[in-house]
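The chain contents come next:
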Amino acid sequence: MPHIDLPKEYPGIRSLFVFRPETAAPLNALVQTLLHNPHPSLSPGERELIATYVSSLNNCKYCSTVHGAIAKHHLLNGDVVQQVKTNPETAPISNKLKALLKIAWQVQLSGKEVSSSHVEAARKEGATDIEIHDTVLIAAAFSMFNRYVDGLATWAPDDPEVYDRMGKQRAEEGYLTPPFKIQPQSTE
Amino acid sequence: MPHIPLDENLPGITGILNYRLDTALPIRQLTHLLLRGESTLTKGERELIATVVSHGNECKFCTAAHTVAADVLLGEKETAELVKNDLSNAPVSSKMKTLLTIAKAVQVSGKNVTSEMISKAKNEGATDLEIHDTVLISALFSLYNRLVDGLASVTPTDSAFYERLARILADKGYLQSENRYAGLKG
Chain E
44 MPHIDLPKEY PGIRSLFVFR PETAAPLNAL VQTLLHNPHP SLSPGERELI ATYVSSLNNC
104 KYCSTVHGAI AKHHLLNGDV VQQVKTNPET APISNKLKAL LKIAWQVQLS GKEVSSSHVE
164 AARKEGATDI EIHDTVLIAA AFSMFNRYVD GLATWAPDDP EVYDRMGKQR AEEGYLTPPF
224 KIQPQSTE
Chain F
106 MPHIPLDENL PGITGILNYR LDTALPIRQL THLLLRGEST LTKGERELIA TVVSHGNECK
166 FCTAAHTVAA DVLLGEKETA ELVKNDLSNA PVSSKMKTLL TIAKAVQVSG KNVTSEMISK
226 AKNEGATDLE IHDTVLISAL FSLYNRLVDG LASVTPTDSA FYERLARILA DKGYLQSENR
286 YAGLKG
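So the sequences go chain by chain: E and F. Under this note's numbering, think of the first position of the first sequence as 44, with each following residue one higher. Under this note's numbering, think of the first position of the second sequence as 106, with each following residue one higher.
There may be inaccurate statements among the hints.
As the list claims (entries may be wrong) - Heads up, simulated BS3-like pairs for lysine-lysine below, C-alpha to C-alpha not over 25 Å straight-line:
id, chain 1, residue 1, chain 2, residue 2
1, F, Lys227, E, Lys51
2, E, Lys145, F, Lys165
3, F, Lys216, E, Lys145
4, F, Lys148, F, Lys209
Stated by the list, open to error - Beyond 12 Å from chain E on every Cβ pair, some chain F residues (computed):
id, residue
5, Leu115
6, Thr136
7, Thr147
8, Leu178
9, Asn284
None of these hints come from the bench; they were simulated from the model. No residue lacks a Cβ here, since even glycine has one placed at the ideal position from N, Cα and C.
With the hints as extra help, turn the sequences into a complete structure.
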């Protein structure tokens, strides 16, 4: 049960967005800019993989499942999402993205864990300044989102179909359109 | 040395936020709303939440900046110091102690917030909105601390720098403005 009185027909962060629309606006603007809007070199699918991976490391069920579904709809490949969650080193992704995911992992632990050698390794694979900045910011942002979602004990659906629908909607529409309502689970 | 080229006149978070303005904008808006917007918690109390979280993450730049910002807003230095190092004896309300306990749990993991912590806060009169904002401020500084240290931005050692920065945070809040950091140079 959530720690505060939240609208039951919206799960995860969506219930918090309805609870406090004033803070929802900049939070949605941040993910829209960081993950969905055009980027000089990282595709939306690649950026969603970073968000998914960090959320998975934080064991945030709602965030890792919904961003995994968004990544799947961008990349048209659900298998790569599962592999990144399990072990990015052996996933069928570029060496550059592997190096960036390693930086994201360090940021998830603590900003201080990012060393010059992590950054050098990414640069060797062709990573640019903006890619390094954005990787650190995506990992830092999901360190925030995961804590927000779990710290208030929002409910997370179990049905994979629900996440697939949410993932399709966000991949197609971005983050600024209204969410659809979901029947709350009686077991929650 | 920072991991990416940042304006050397803008240490800590300031140069990072100037590096990419379109992502900085919503972060600034969120911070201003949470720390300076309308609230039943004072601005000083909200800076204390930012301070304990930054302290928990051992982010030197953020801890120094928000400690001094809290000092300026509270008009004394004792409270921020005790909140960081000896919360049970800090001169804050019982309600603030329960909220700061929640903030410290969120700093480690959202999953560390227990129903018992929430009940204690509600028993001390904390509202849903206060609990919400406490969790979100703590989560937001989990972002800031990682951004500042994850990009290895410069941490000034001169305490006068933080006095100047805190004056800007107290007087202007967190939104970008023309010549915002004009007073930052010593």
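Do the hints match the structure? See the list:
A hinted pair counts as satisfied when its Cα atoms are at most 25 Å apart, and Lys227/F with Lys51/E qualifies at roughly 21 Å. The suggested pairing of Lys145/E with Lys165/F holds, with an alpha-carbon distance near 24 Å, which does not exceed 25 Å. Under the criterion of a C-alpha separation no larger than 25 Å, the hint pairing Lys216/F with Lys145/E is consistent with the structure, at around 24 Å. Between the alpha carbons of Lys148/F and Lys209/F the distance comes to roughly 18 Å, so the proposed pair stays at or under 25 Å and holds.
Every CB of chain E lies more than 12 Å from the CB of Leu115/F, the least distance being 14 Å, so the non-interface label holds. For Thr136/F, the requirement that its beta carbon stay farther than 12 Å from each beta carbon of chain E is not met, with the minimum near 9 Å. Separation of Thr147/F from chain E is adequate, the least Cβ-Cβ distance of about 19 Å exceeding the 12 Å criterion. The Cβ of Leu178/F lies farther than 12 Å from every Cβ of chain E, with a closest approach of about 21 Å, so its non-interface assignment holds.
Consistency note on Asn284/F: stated as away from chain E, and its beta-carbon is indeed over 12 Å from all of that chain's, at 23 Å minimum.
In terms of the numbered hints stated before, the structure departs from hint 6 and from no other.
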